[in-house]
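> Below are the chains, spelled out letter by letter.
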Amino acid sequence: MVDPLALAAIGAGLAIGLSGIGSGIGVGIAGAAGAGVISERPEKFGTALVFQALPQTQAIYGLLIGILIMLGAGMLGGGAKELSEPLGWAALGAGLATGLAGLSAVGQGIVTSSGIGVTSEKPEMFGRGMVFSVLPETQAIYGLLVAILIMAGAGLFGGVPKEITMTMGLAAVGAGFSVGFAGFSAIGQGITAAGGVASIARRPETMGKNMVFSVMSETFAIFGLLGAVLILLGVKMLG
Amino acid sequence: MLKPARMKKISLLVYDNDKDELVKKLHEIGVLELREINDPNVEKATAKEELRDVISLQMSLNSLKDILKLAEEKKKGFSLPKPPEKVKVKKYSNTRELIDDVRKFLSEFENDLRSLGRKFNENNEKISEYRENLKLVEKIKDLDFDLRYLGKGKRVFIKAGYVDLESINKIKKELEENFVVFSKEYEDEAFLIIIGLMEDIDKCEDSLRKHRFIEIRAEFKGKPVEVLSELKEKIRALEKENEDIIAKVGKYKDKYEKQILAFLELLDIEKERMEAFNLFGRTKRTYLIEGYVPEKYASNVLKEVGKFDCIAELKDPNPNEDIPVMLDNPKIFRPFEILTETFAPPRYNEFDPTPLLAIGFILFFGIMLTDFVYGAIVALVGYFLYKRLGFKSTYRDLGIILTASGISAMFFGAIFGSYLGDFLKKIGNVQGIIDPFGAEPVVLFGKELVPIMFILVMALAIGVLHINIGFLLGFLKAKNGKEKLSKAWFFLLEIGIILYILGVNPASFIFLAAGLITVFYLYGALGIFSLTGLLGDILSYARLLALSLATSGIAMAINILVNLVKGIPILGYILAPIIFIVGHLANTVIQTLGAFIHSLRLHYVEFFSKFYEGGGKKYNPFKIKREYTEEV
Chain U
1 MVDPLALAAI
11 GAGLAIGLSG
21 IGSGIGVGIA
31 GAAGAGVISE
41 RPEKFGTALV
51 FQALPQTQAI
61 YGLLIGILIM
71 LGAGMLGGGA
81 KELSEPLGWA
91 ALGAGLATGL
101 AGLSAVGQGI
111 VTSSGIGVTS
121 EKPEMFGRGM
131 VFSVLPETQA
141 IYGLLVAILI
151 MAGAGLFGGV
161 PKEITMTMGL
171 AAVGAGFSVG
181 FAGFSAIGQG
191 ITAAGGVASI
201 ARRPETMGKN
211 MVFSVMSETF
221 AIFGLLGAVL
231 ILLGVKMLG
Chain V
1 MLKPARMKKI
11 SLLVYDNDKD
21 ELVKKLHEIG
31 VLELREINDP
41 NVEKATAKEE
51 LRDVISLQMS
61 LNSLKDILKL
71 AEEKKKGFSL
81 PKPPEKVKVK
91 KYSNTRELID
101 DVRKFLSEFE
111 NDLRSLGRKF
121 NENNEKISEY
131 RENLKLVEKI
141 KDLDFDLRYL
151 GKGKRVFIKA
161 GYVDLESINK
171 IKKELEENFV
181 VFSKEYEDEA
191 FLIIIGLMED
201 IDKCEDSLRK
211 HRFIEIRAEF
221 KGKPVEVLSE
231 LKEKIRALEK
241 ENEDIIAKVG
251 KYKDKYEKQI
261 LAFLELLDIE
271 KERMEAFNLF
281 GRTKRTYLIE
291 GYVPEKYASN
301 VLKEVGKFDC
311 IAELKDPNPN
321 EDIPVMLDNP
331 KIFRPFEILT
341 ETFAPPRYNE
351 FDPTPLLAIG
361 FILFFGIMLT
371 DFVYGAIVAL
381 VGYFLYKRLG
391 FKSTYRDLGI
401 ILTASGISAM
411 FFGAIFGSYL
421 GDFLKKIGNV
431 QGIIDPFGAE
441 PVVLFGKELV
451 PIMFILVMAL
461 AIGVLHINIG
471 FLLGFLKAKN
481 GKEKLSKAWF
491 FLLEIGIILY
501 ILGVNPASFI
511 FLAAGLITVF
521 YLYGALGIFS
531 LTGLLGDILS
541 YARLLALSLA
551 TSGIAMAINI
561 LVNLVKGIPI
571 LGYILAPIIF
581 IVGHLANTVI
591 QTLGAFIHSL
601 RLHYVEFFSK
611 FYEGGGKKYN
621 PFKIKREYTE
631 EV
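Chains U and V supply the protein sequences, listed in that same order.
If you count by the numbering used here, then the first sequence holds residues 1 to 239, one letter each, in order.
If you count by the numbering used here, then the second sequence holds residues 1 to 632, one letter each, in order.
Since the hints were made in silico from the structure, they are not lab data.
Ideal Cβ placement from N, Cα and C applies to all residues, glycine included.
A couple of the hints might just be wrong.
[Claimed, not checked] If you only want the chain V side, here are some residues facing chain U, beta carbon under 7 angstroms, derived:
hint : residue
1    : A45
2    : T342
3    : G553
4    : L600
5    : Y604
[Stated by the list, open to error] Listed next, the in silico DSS-like pairs over lysine-lysine satisfying Cα-Cα at most 25 angstroms (straight line):
hint : chain 1 : residue 1 : chain 2 : residue 2
6    : U       : K209      : V       : K484
7    : V       : K48       : V       : K625
8    : U       : K209      : V       : K82
9    : U       : K44       : V       : K484
10   : V       : K48       : U       : K209
11   : V       : K315      : V       : K303
12   : V       : K447      : U       : K236
13   : V       : K82       : V       : K315
14   : U       : K44       : V       : K69
15   : V       : K447      : U       : K162
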């Protein structure tokens, strides 16, 4: 028997830590582009900073789920709850889903760096650069979604936790892997979208086609999400 | 409202004697987009000769404007832009008159101001030269050696300068045979004085060049200390002189700048009007003008041009032409046009999605920001932009968008009971209708759902509705059967699924099969991607829930943190309010940014892809643009 509280703690740690890696690298890539741009055009500092803020979202999602897990497991605010071991595993799964999918921030950083570069030359590209920059965030949102489904299924949002079986708990970990690893597709998407931003800067009318290229990588994230939802449905954790 | 404004093509044939007045009138009405006449049978008109004068005057004025920038005060911190003050100008009857006026104006001050500018630049050059010298002499200020001896005489030369520390020994070895060498080593480089006979100077210079010798070439008099203080004195004097120049330029700036800007604008208007002639065609006695005019202004244009010696013809434009696109929305939707245009303006015969975008954007933004207080902050910022910076159309539009979106966020914040996260819930037990993090189940279609699942279902339902609208518009827009099918498969599948859920079974399978067959008929094996794509589109609306949870979740985290910190004795009372204010403000900024772009994304990616192409050419009328002047 593994201590459920410890499992939940690991889950919270993974959620915050892994997504921290993603956002850290993503923000770093964007920041380098910003530094390059302001050496030529110091007045572009503000614009670059707005772009740089985008890949931070993943760390925020990670922090959110981390805190929700801690609250659900009674680690924060209020006495510890009686958790069963499967619930601990479920919390771990939720943490993995958000944490791994949070690495999508790397892809987002790649697009934002392209957005920063292009906007410095063509300010009118700001809106489009922004839209392309949020494409690789979908993966993080899917991760967050699965984490919420798991936690709702395990009754980890306030109230009395549900009775779930060991199979369900471990299946939640599997679901976390499915959506989490598929979230890496955001890195590919980021590379495509970065190219797309550069392409639109030269030919604005290619916006739609570049969108099609960029959204293609999302297919695999959808597979991951689908896998996660099917797993959770299969072990009757939803509804 | 559903499509861009309808346009008419207008052709005008005007007599020589009335052409200038007519073009001026068209410029004033400002609703005609001119088109170049490209008929090989029609001779092209050309701009009037005064154009050259206008351009050269603009160049003069611009260069004077640059000189006036010397007196610009360095911006201290952040200040809001102000609307430009308008200069009252008289009505000029012809270009010549304006040109003469500008020349007269320039003769008042141009030479004086230019010589000030020139003097300022010369002084700056001198200052930087002196600074270079200062650097050379600074290091050797302790040396007791009069620099006036440097140079070449009839028989002897004396050189001084610097080399790298590494080269000093090599250089000495090479030179000491034929020359007298004094050296002194400093931290980063060495100073050398070399004395030799003129006949050997080439040998000396070759060797010095090899070791990258930096020679002191300027002619100094006196010992380094004296030279140093003299240089500093000179620099100070020049800087003082430049300050005086700036003060003088400042006076010119106060007196003339507004007028310069006003004249520049008038010349610009004049130039645009003259250059328009390049687009016209001509015969011996007439000029031919062509362009597009929005239908609703057409009668007014006809009435106005009727007063001139001209023939006008109005017809429907040929749909194959690149007809300019003017968005034509009711006033409340107009600010949202910039969001449509950021994607791409619609084509002439396409739906203008702006009204739908406006409604969807406000709704989505509200759901994603979901906090009463955050929403209020956004609305206030929006209102501030509208009120204070509204003289710029971008700020005005953005201000209105933010105000509306902020109010929407306040509404959803109240529904979810989110006031700075769970702050009011904890303190005053203020409850919303649904608590996203609560456990109280919501009943939907006889099924109990945790609130969070309920919101998820709602978010996806909104997504399905949104995508339905998109496909419907696409279906209506489609021109031929195949295009119609490419939108219809979605409805077939949807009806099949609904029937299946309702239990109408044989029928449901027929619709599902029909839908699937259509997909694979249209796209072959790749059809599978259409299906996953559709699934992805719907699931993508889960971000409505995700971002709303992120807002209130992070707000909650900040409140928890504040509570933890509050427990620390004494220090807690300082830290807690700081974390509270900074944390919530930062969260507002980040979440607002997120809500804004993700609302846009849902429209651009998921919604527009179903029916919208864009790529029309924006309507750009021949119109007088005044920012700095006002005619009286």
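> None of the hints should be skipped; say for each whether it holds.
So, going through the hints one by one against the coordinates:
no., hint, result
1, A45, "violated, 32 angstroms"
2, T342, "holds, 4 angstroms"
3, G553, "holds, 4 angstroms"
4, L600, "holds, 6 angstroms"
5, Y604, "holds, 5 angstroms"
6, U:K209 to V:K484, "holds, 20 angstroms"
7, V:K48 to V:K625, "holds, 21 angstroms"
8, U:K209 to V:K82, "violated, 41 angstroms"
9, U:K44 to V:K484, "violated, 46 angstroms"
10, V:K48 to U:K209, "violated, 45 angstroms"
11, V:K315 to V:K303, "holds, 16 angstroms"
12, V:K447 to U:K236, "holds, 15 angstroms"
13, V:K82 to V:K315, "violated, 44 angstroms"
14, U:K44 to V:K69, "holds, 21 angstroms"
15, V:K447 to U:K162, "holds, 17 angstroms"
Of the numbered hints given earlier, the model fails hints 1, 8, 9, 10, 13; all others are met.
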